[in-house]
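So the protein sequences, as listed, match chains A and B.
Mapped onto this note's numbering, the consecutive letters of the first sequence carry residue numbers 1 to 193.
Mapped onto this note's numbering, the consecutive letters of the second sequence carry residue numbers 1 to 150.
It is worth saying that the hints were derived from the structure and are not from the lab.
Keep in mind that this is a model prediction, so the values were computed, not measured.
Warning: the hint list may mix true and false statements.
[To be verified] Computed from the model, here is a short list of chain B residues facing chain A with C-beta under 7 angstroms:
{"#": "1", "residue": "Phe61"}
{"#": "2", "residue": "Ser63"}
{"#": "3", "residue": "His69"}
{"#": "4", "residue": "Val103"}
Cβ atoms here follow ideal geometry from the backbone N, Cα and C, with glycine treated the same way.
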Amino acid sequence: MTDHELIEGIKNRDRIALQYLVTTYQRKVIKTAFYFLGNMEDAEDLSQEVFIGIIDSVALFRKKSSLSTWIYRITVNQSLNFLKKRQRRGVFSRIESLFYSDHGDNRLTPREPSVNENPFEENELRGILQQAVRSLPENQQIAFVLYKYDDHSYKEIAEIMELTLSSVESLIHRAKINLQKRLISDFSEYKKL
Amino acid sequence: MDCKEFRDNMFAFQDDALSPERKQAIFNHLDSCNECAVIFREFQLALATVDSDKAAEPNPFASTRILQHIESHLEKRSRFMVMTKHPWIIRPVVVALSLAIGVFIGINRTHRTPATGIQQVSESPVIQSLKTEFFITDFIDEDKSFTIYQ
Chain A
1 MTDHELIEGI KNRDRIALQY LVTTYQRKVI KTAFYFLGNM EDAEDLSQEV
51 FIGIIDSVAL FRKKSSLSTW IYRITVNQSL NFLKKRQRRG VFSRIESLFY
101 SDHGDNRLTP REPSVNENPF EENELRGILQ QAVRSLPENQ QIAFVLYKYD
151 DHSYKEIAEI MELTLSSVES LIHRAKINLQ KRLISDFSEY KKL
Chain B
1 MDCKEFRDNM FAFQDDALSP ERKQAIFNHL DSCNECAVIF REFQLALATV
51 DSDKAAEPNP FASTRILQHI ESHLEKRSRF MVMTKHPWII RPVVVALSLA
101 IGVFIGINRT HRTPATGIQQ VSESPVIQSL KTEFFITDFI DEDKSFTIYQ
């Protein structure tokens, strides 16, 4: 099915077209959402809303980019909105915890290492990296995730983000510098403990 | 190469984006600086989690759940569209309901017409006996005036 046939089928709510849309794009949508959210269940739940968003707004698709680029754009925007909502809920639950029982210190603290052992477990390292990525400015975060996790080329990222190629290169370069600083600071703090 | 220079080039070194001379300088620094060696090791291990995240796959039944969610969404939308597609049924019903609600509220309010005046003190047995004793027909609390609802 070509992009044009698929778009017309979605507009007409044709069940075969909708099935084709989901089976073709669901893996890409879920994995991209997972790279932003860090949780597969959340990514699968979010993907349902992404496909609803695609179906509801297909009439607004102007075909300036390819259908897959447009779908990636919707996925990235919905993922970031989800993270912002989760952050706001986190603020409320932290305020709540001030008034209710103390849940204790939830920060990850590394174990005492033995001679040749890593001080952090893999999940802890994943959490540290995810927090560092989420601390980046939004555009740097998007560019870095699409580049490092989703293996998009600079050109594809430029199409998804509607930026020039040089802007994308600059974003990724700055993202790496900022990540470097943040990770060094996180790992150096451990050494001081 | 000092620690600052090394730490500024960790990502480039990891991505193999340095000249052979700079790479050698970094190897030399890692051999001589234990702190940088530990930090670089953690940095590499953290970046290695990207590869394990890339390998994660969604639930094989995810597409079934997505399609069910889409079906339920389209069903809700079509029910909404039926209502907006038949205004010649919906509008008169809405107008009639609004009138009925307005009449009901109006009737309710007329039963609560305000009457200002002086509230009569309720007659307790003590007051009744005082009235009898002093031939008083009624007590009126002149200090207070209330709006009472009949």
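So, going through the hints one by one against the coordinates:
For Phe61(B), the shortest C-beta to C-beta distance to chain A is roughly 9 angstroms, which exceeds 7 angstroms, and the interface hint is violated. Taken as an interface hint, Ser63(B) checks out: its beta carbon lies about 5 angstroms from the nearest beta carbon of chain A, inside 7 angstroms. Restraint check, His69(B) versus chain A: the minimum CB separation of about 4 angstroms is within 7 angstroms; hint holds. Interface restraint check for Val103(B): the shortest CB-CB distance to chain A comes to about 40 angstroms, outside 7 angstroms, so the restraint is violated.
The structure fails to meet hints 1, 4 from the earlier list, while all remaining hints are met.
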